[in-house]
Amino acid sequence: MLDRIFFACFAAGIFFISVSAFAADPLMLSIRGSRFEPELLAVPAGVKLKLVIRNPGNLPVEFESTDLSREVIVRGQGETEIYIGPLDPGNYRFFNDFNRDMQGTIVAKPASNKEN
Amino acid sequence: MLATAVIMFREVLEAALIIAIVLGASRGIAGRGKWIAAGVGLGLLGASIVAILANAASSEFSGYGQAILNAVILLGAVAMLTWHNVWMSAHGRQLSAEVKAVGLDVRSGQRPLAALLLITLVAVMREGSEAVLFFWAIATSGEQSLNMVIGGLGGVVGGMLVGLLLYIGLLRIPVRHFFSVTSWLILFLASGLAAQAASFLNQVGLLPDLGNGVWNTSAILSQNSLAGQLLHILVGYIARPSGIEIVFYTGTFLTILILMRIFGNLQGRRINAGENPA
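Line by line, the protein sequences give chains A and B. When we follow this note's numbering, the leftmost residue of the first sequence carries the number 323, and every step to the right adds one. When we follow this note's numbering, the leftmost residue of the second sequence carries the number 336, and every step to the right adds one.
These are computed hints drawn from the structure, not numbers from a lab. Please note that a few of the clues may not be correct.
To spell it out: a stretch of chain B is covered by chain A in this simulated footprint if at least three of its residues, at any positions, have a beta carbon under 8 angstroms from a beta carbon of chain A; those stretches are [said to hold, decoys possible]: (1) 461-473; (2) 534-540; (3) 566-580.
If you're wondering where the values come from, they're calculated on a predicted model, not measured in any experiment. We put the beta carbon where it would ideally sit given N, CA and C, even for glycine.
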């Protein structure tokens, strides 16, 4: 019970804090066969980003990244969007939890160099 | 076939370990078996419903709905584990004495049976929905599907065996320490689940991350290794935690600990566990 109260207070407070910078265009990540496309995704560091994951195949995919603490199922012939960042510069690996051979990396670069 | 087994093993493992801990922690409480079994049954039903929703054509259950559902489920589990631990700190001494004396079930007091049911339900439903979704997909994909189904079932059995091993291991702990150990296990487990809930809410933009990768221990213990995954489930190990995960982890840990101290002293119970209640 107390956890819920704790959580509610927290969630309320949060909306005031989370006014952060936002990149205009969402990042796109597709599944092509049994690979991510692109497998190397360059993003600006220090910005909150929207990532759209598109799965045109028939099998569901579970996009997961322990580096990013992200986990979302994308059903077959579906797409989903999640937020990532603001990230520190560096590499963040991700994979398909339903097929761990499918892997990719998000590379966050300092924001001064936004054009890839 | 092996790949399918490994995937299903991973999906089942979390639920199996949580149920093993709950089964251990509720040792001596009358009627726990029925309630936990009902939790597993309802959890499987819930998992199937979630899997169907996730696979439905509508976009309502895309990233946002999924993350909210996961967060609500996880926070529900945290609340139930809290209730269980607080109840145990008030009744643990009596329970411990009775289990030690005659192995009789405790029949008095307001037992946290509904909590047992809900914890089990939540554990099975969350990982189960992913397992069902995956299993359904391979079963209907046609090619080599029989092999994969067999592999998948093998993975399910494997995950359940690990849960059974943990349960048997727990039962070997001497009775006088038993409920202290399970209380601590549940304390860490609940904190880890709260941190997971935080990352789900952060993923859809409802919580800030308060810094990503506050530290990174991937080089020492990767979260993707078997040991890393086991620790992730049991104590909430995160190799590269965000600030919000740390806040939720510590917040939950301290909240439960303080509640437990208020309702019965953990330390005192451990010392007096051998005494019979007056």
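Checked hints:
With 5 residues having a beta carbon nearer than 8 angstroms to a beta carbon of chain A, the stretch 461-473 of chain B meets the requirement of three or more and the stated coverage holds. Look at the stretch 534-540 of chain B against chain A: 7 of its residues bring a Cβ nearer than 8 angstroms to a Cβ of that chain, three or more, so the hint holds. Given a C-beta distance limit of less than 8 angstroms, the hint that chain A covers the stretch 566-580 of chain B holds, as 6 residues qualify and 3 suffice.
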